[in-house]
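Sequences listed follow chains A and B, in order.
Per the numbering used here, the first sequence starts with residue 1, numbered consecutively.
Per the numbering used here, the second sequence starts with residue 1, numbered consecutively.
Hints in this document: simulated from the structure, not taken from any laboratory.
Just so you know, not all the hints are guaranteed correct.
[Stated by the list, open to error] Selected chain A positions facing chain B (Cβ under 8 Å, derived; list incomplete):
#, residue
1, E101
2, G104
3, Q123
4, A212
5, Y317
6, K329
[Claimed, not checked] Under the rule of at most 25 Å between Cα atoms (straight-line distance), these lysine-lysine pairs were calculated in the DSS-like manner:
#, chain 1, residue 1, chain 2, residue 2
7, B, K67, B, K84
8, A, K329, A, K48
9, A, K2, A, K60
10, B, K247, A, K217
11, A, K329, B, K84
12, A, K329, B, K40
13, B, K220, B, K247
14, B, K40, A, K425
15, B, K220, A, K217
16, A, K329, B, K141
17, B, K141, B, K247
18, A, K230, B, K12
19, B, K247, A, K329
20, A, K2, A, K39
21, B, K220, A, K230
Yeah, the Cβ is synthetic: ideal placement off N, Cα and C, and Gly gets one too.
These are the residues of each chain, in order.
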Amino acid sequence: MKIEDVVCTFCGCLCDDLVVEVEGDMVVNVENGCTLANKKFMGNNRLKTPIKRDGGNWKKVGLDEAIQTAAGILLDADRPLLYGWSGTHGEAQTIGVHMAELLGAVIDNTSTVCHGPSIMAIQEVGHPGCTLGQVKNRADVIVYWGANPIEAHPRHMSRYTTYADGFFLKEAFRERKVIVVDIRKTETANIADEFIMVEPGADYALLSALRAIVRGKGDVLPRTVAGVEKEQLIRVADICMSAKFGAMFFGLGLTMSRGKYKNIRNAIELTEELNRHTKFTISPMRGHWNVYGSNEVFTWITGYPFAVDFARGIAFYNPGETTSVDILKRGECDACLVVGSDPGAHFPGDCCRHLADIPTIQIDPHVNATTHLSRLQIPVAVTGIDAEGTAYRMDGVPIRTRKVIDTTYPSDSEVLDKIYQIIRKET
Amino acid sequence: MRVTLETKPRKKPNIPIEAESIIPHNFLRGTDLSVYEGNKQRSLDEIFFITVEGPAVSPDQVEVILKGDTGRIKRVGEYMNAGKIVVEGDIGMHCGNFMSAGQITVRGNADAWLGREMRGGEIVCHGNAGHYCGAGYRGEKRGMRGGRLEVLGNAGDFLAEYLCGGEVIIHGDTGDLPGVEMRGGKLVIEGSCTRPCGNMSGGTCLVFGQVHDLLPTFEKRERTQVDFRGMNVTMDTYHGDVANRGKGSLLVRSGDHA
Ligand code: SF4
Numbered sequence: 001m002k003i004e005d006v007v008c009t010f011c012g013c014l015c016d017d018l019v020v021e022v023e024g025d026m027v028v029n030v031e032n033g034c035t036l037a038n039k040k041f042m043g044n045n046r047l048k049t050p051i052k053r054d055g056g057n058w059k060k061v062g063l064d065e066a067i068q069t070a071a072g073i074l075l076d077a078d079r080p081l082l083y084g085w086s087g088t089h090g091e092a093q094t095i096g097v098h099m100a101e102l103l104g105a106v107i108d109n110t111s112t113v114c115h116g117p118s119i120m121a122i123q124e125v126g127h128p129g130c131t132l133g134q135v136k137n138r139a140d141v142i143v144y145w146g147a148n149p150i151e152a153h154p155r156h157m158s159r160y161t162t163y164a165d166g167f168f169l170k171e172a173f174r175e176r177k178v179i180v181v182d183i184r185k186t187e188t189a190n191i192a193d194e195f196i197m198v199e200p201g202a203d204y205a206l207l208s209a210l211r212a213i214v215r216g217k218g219d220v221l222p223r224t225v226a227g228v229e230k231e232q233l234i235r236v237a238d239i240c241m242s243a244k245f246g247a248m249f250f251g252l253g254l255t256m257s258r259g260k261y262k263n264i265r266n267a268i269e270l271t272e273e274l275n276r277h278t279k280f281t282i283s284p285m286r287g288h289w290n291v292y293g294s295n296e297v298f299t300w301i302t303g304y305p306f307a308v309d310f311a312r313g314i315a316f317y318n319p320g321e322t323t324s325v326d327i328l329k330r331g332e333c334d335a336c337l338v339v340g341s342d343p344g345a346h347f348p349g350d351c352c353r354h355l356a357d358i359p360t361i362q363i364d365p366h367v368n369a370t371t372h373l374s375r376l377q378i379p380v381a382v383t384g385i386d387a388e389g390t391a392y393r394m395d396g397v398p399i400r401t402r403k404v405i406d407t408t409y410p411s412d413s414e415v416l417d418k419i420y421q422i423i424r425k426e427t
Numbered sequence: 001m002r003v004t005l006e007t008k009p010r011k012k013p014n015i016p017i018e019a020e021s022i023i024p025h026n027f028l029r030g031t032d033l034s035v036y037e038g039n040k041q042r043s044l045d046e047i048f049f050i051t052v053e054g055p056a057v058s059p060d061q062v063e064v065i066l067k068g069d070t071g072r073i074k075r076v077g078e079y080m081n082a083g084k085i086v087v088e089g090d091i092g093m094h095c096g097n098f099m100s101a102g103q104i105t106v107r108g109n110a111d112a113w114l115g116r117e118m119r120g121g122e123i124v125c126h127g128n129a130g131h132y133c134g135a136g137y138r139g140e141k142r143g144m145r146g147g148r149l150e151v152l153g154n155a156g157d158f159l160a161e162y163l164c165g166g167e168v169i170i171h172g173d174t175g176d177l178p179g180v181e182m183r184g185g186k187l188v189i190e191g192s193c194t195r196p197c198g199n200m201s202g203g204t205c206l207v208f209g210q211v212h213d214l215l216p217t218f219e220k221r222e223r224t225q226v227d228f229r230g231m232n233v234t235m236d237t238y239h240g241d242v243a244n245r246g247k248g249s250l251l252v253r254s255g256d257h258a
């Protein structure tokens, strides 16, 4: 059976035009998806039953026992950490936040290692953003800064920018100019009209220089800035100022390099400066599928988008203090629940060591690096494949994902709700 | 009155303690105070051996001494308005948050956000200070507004972010972007630093060591002479941050920046 208009569950583009072919409880073919989508829909490294560590070995346990064990570990902790959330749906994230409040836990999502700095900058100076639909239909200048969509968001360019014809751009490939800023010549840089190769860690200086040029203060600048000739910067500033509609997209090359949120703030302030001349917008290239949704859900309920500490019963937020990497690095938390993420693969070594030292519980469909650090893993359905739920696209548009196959796995929401009910009784 | 708080051994010593109740003023009413250890509320005597010597009728007569394993104790001296706090060792984050008067001495190192949004009084840290020393809270447009904050060692990144008033003096080196978004006040860095005063709009920053990666958006002006420990030192003067229509002054010892 072929199912149309299926939403991809891998990256922040949330492409909603996949055609998925299913046979029984297996996906056998995916059309329209990129390689990442195909792997996600047809991958089969699924854990069959909950597993619990028993000395040096794993032992299979029933779902009820796994849920009881998970609730017990979290209830016993003085500083539990609930981390992940970007690989699951909004309904499960909501339960997670309520659970954190009852437990006096810290709840954090994967923004902590990706676009957290973008949010911090937005909190300082606002966000002149727009939807991807507007970019597709209007933008004649596209800037990718510290982002390599050809490899990380493979259909971004074909659905929304370079190769996507829009209402006001009938021949997008010819009519749109693409500027790429990166520290190396990436695949995306190869198709750029203008490629700026910036010295590693010098994006802040480059953004400040562009702001000065746009403000008519270019005479203050030296001959080269961050390894880039001033002439090129003036040319790029001219392209941006003469755009009818410009759209800047930035990735982890900007959020996670030296200066972090100050880089993003500078990029936002450059965008604001450009808006004195034309229409310009800026948007983060959100990576891990529903990470934007986790920011939305956390914010509705707590007022803060990530790194929310409920230790005192009220929400407190302070990246650097209440962020997972910092908490783990300092060895603060005494239990951890990981949902829909793989910190074992992404976090620094010290943090992984601490995860292995404390009782770590993982709720995830797959065996991954975090499995090896955990004491208990509960396999669940994959949202968008064998469970439905709501997720947010990188531009903040909520999309309902569908269930394309039936399996016996419980969804994240079902497992979390069972744990939550036990915690509610005990607190 | 002298109140000595010496830490008791803890089962989980890495769990942070939030102790905004530790300010001189509160001890006028005794030591029946509470702190938080992770998500558990504890009485002060569960965490510390407490000794009280001598009387006091006003908070400026109270001196609080913290001893032992104090590096994980946060928010000591928050909203302090008189008296003295002496920390014999290291102190955790947010020491002296919003303090308006009095004195805090830290003999060891201070963790991040030392003197956050401080309004008055004096903090002296004999060791190193972490990131965001003398800075503001997230999204806050005004950091330290008054008082004096002196660090005899080094300071971390984002030192004096959003500085609006008062004086911050660092004897050693600092990390990246000291004085970023600075709007007023005075920042003195005796050692070296990287990318000072990004996006500054006001205030004065003096750097007597080396400046690495001076931002390109600072406009060079005339040289000037300043007094540094009794010596007459020639400083290059910059105006900026031009990217931000800024009117701040950055003075860097001549010949010491790349
Ligand atoms: S670009 Fe992203 S959302 Fe679209 S199909 Fe590829 S992985 Fe899925």
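>> Checking hints one by one. Is K329(A) an interface residue toward chain B, by the C-beta closer than 8 Å rule?
In response: Cβ of K329(A) sits 11 Å from chain B, so the hint is violated.
>> Given a cut of 8 Å on the nearest C-beta pair, is the interface hint for G104(A) held or broken against chain B?
In response: Result: holds, 3 Å to nearest chain B Cβ.
> Would the pair K247(B) and K217(A) pass a check requiring their Cα atoms to be no farther apart than 25 Å?
Replying inline: holds, 14 Å
> Given E101(A) was flagged as interface, is its beta-carbon under 8 Å from a beta-carbon of chain B?
Replying inline: violated, 11 Å
> Taken at face value, is the distance from the CA of K84(B) to the CA of K67(B) at most 25 Å?
Replying inline: holds, 14 Å
> Given the hint that K329(A) pairs with K40(B), does the C-alpha gap stay at or below 25 Å?
Replying inline: holds, 21 Å
> Going straight from one Cα to the other, do K2(A) and K60(A) come out at no more than 25 Å?
Replying inline: violated, 35 Å
> Can the restraint linking K220(B) and K217(A) be considered satisfied, given a maximum Cα separation of 25 Å?
Replying inline: Status holds; Cα separation ~13 Å.
> Would the pair K141(B) and K247(B) pass a check requiring their Cα atoms to be no farther apart than 25 Å?
Replying inline: Status holds; Cα separation ~17 Å.
>> Would the hint linking K220(B) and K230(A) be met if the CA-CA limit is 25 Å?
In response: Holds, at roughly 18 Å.
>> Between the alpha carbons of K329(A) and K84(B), is the straight-line distance 25 Å or under?
In response: violated, 32 Å
>> Run the distance test for K230(A) versus K12(B): straight-line Cα separation, threshold 25 Å.
In response: Outside the cut-off at roughly 55 Å; violated.
The earlier numbered hints that this structure contradicts are 1, 6, 8, 9, 11, 16, 18 and 19.
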